[in-house]
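**Q** For the record, the sequence lines run as chains A and B.
Quick note on numbering: the first sequence equals residues 252 to 385 in the working numbering.
Quick note on numbering: the second sequence equals residues 252 to 385 in the working numbering.
It is worth saying that the hints were derived from the structure and are not from the lab.
A hint or two may mislead.
Intra- or inter-copy, both count: the list cannot distinguish identical chains.
Said to hold, decoys possible - As a list, the in silico DSS-like pairs of lysine-lysine whose alpha-carbon atoms are at most 30 angstroms apart:
1. Lys323 / Lys255
2. Lys255 / Lys346
3. Lys323 / Lys351
4. Lys365 / Lys319
5. Lys323 / Lys289
No experiment lies behind these values; they were computed from the predicted model shown.
Number of protein chains: 2
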Amino acid sequence: MTVKRIDHVAIVVDNIDNALSFWRDALGLDMTHLEEVKEQESIVAFLPAAGSEVELVKPTTETSGVAKYLAKRGPGMHHICFEVDDIEETLAQMKARGVKLINETPTIGAGGKKIAFVHPSSTNGVLVELYQNA
Amino acid sequence: MTVKRIDHVAIVVDNIDNALSFWRDALGLDMTHLEEVKEQESIVAFLPAAGSEVELVKPTTETSGVAKYLAKRGPGMHHICFEVDDIEETLAQMKARGVKLINETPTIGAGGKKIAFVHPSSTNGVLVELYQNA
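Isolated chain A (complex conformation) (with noise of 0.2 angstroms):
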């Protein structure tokens, strides 16, 4: 069981551009790309950082988690992605050892990666998500 690098970290944010101003043009990171995600009900910016990447994440409506935890508490850190490379080892791994997960088996995303969430209540308030590449 081994986890390969942090994959992303994720900002919610209110409004894109105004993020970009701080995190593309003041910081520096290049954004490859801009995405509107269905799935996550959100549009994305994506900005590498070497290995690993920044996601800002604007919520597209009301529903989602995102928009909900922007409602509540504001724009900031939404969560840290992990690579694994297996990834129902690790999950089967934390349920023995009594970890709360929001997906007990993996969800398949864009281009068949496997993720699945952990409940921040088993990680001192982190939202976790982990993935592994198809």
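Based on these hints, arrange chain B on the given structure of chain A.
**A** Chain B in isolation, oriented as in the chain A frame:
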């Protein structure tokens, strides 16, 4: 002006053993060391993942920024740190764009590395640390 990588994501916790039971034992990150960082009034566990690191930060006083954050918001992601190649240039660039800085000039940390924090009011709610190797 270049951002080299996400150096670390710091997570403030109220109990290191409890935090390690998730981040090390269940998620599977390795812990390289556990260290009392007196300037930060904290005990910090260092868990690398490829070129980045998760840092679990447990305040040892009630007066530090992390201690106040923990008391107010509970455990969770506290800040994200980027390694930059020229911290003075990055800070100048931010200042020119009206970004609010906590440290207008870098402070010198352990091993001579230069550090500065950017105020969350300019970063969509995220406490951002910049660091340049000595």
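**Q** Indicate which option fits the pair Lys365, Lys319 if close means a Cα-Cα distance not exceeding 30 angstroms: within, between, both or neither.
**A** Within one copy only: 24 angstroms inside, 37 angstroms across.
**Q** As a check of your reading, is Lys255 near Lys346 (CA-CA no more than 30 angstroms) within one copy, between copies, both or neither?
**A** within (20 angstroms within a copy, 36 angstroms between copies)
**Q** First find the shortest C-alpha distance between Lys323 and Lys255 inside one copy, then the shortest across copies, and answer within, between, both or neither for a cut-off of 30 angstroms.
**A** neither (32 angstroms within a copy, 33 angstroms between copies)
**Q** For the identical chains here, do Lys323 and Lys351 meet the 30 angstroms Cα criterion within one copy, between copies, both, or neither?
**A** both (22 angstroms within a copy, 24 angstroms between copies)
**Q** Between the shortest in-copy and the shortest cross-copy C-alpha distance, which are at most 30 angstroms for Lys323 and Lys289: within, between, both, or neither?
**A** This pair counts as within: shortest intra-copy Cα distance 22 angstroms, inter-copy 34 angstroms.
In summary, the structure is inconsistent with hint 1 from the numbered list given earlier, while agreeing with all the others.
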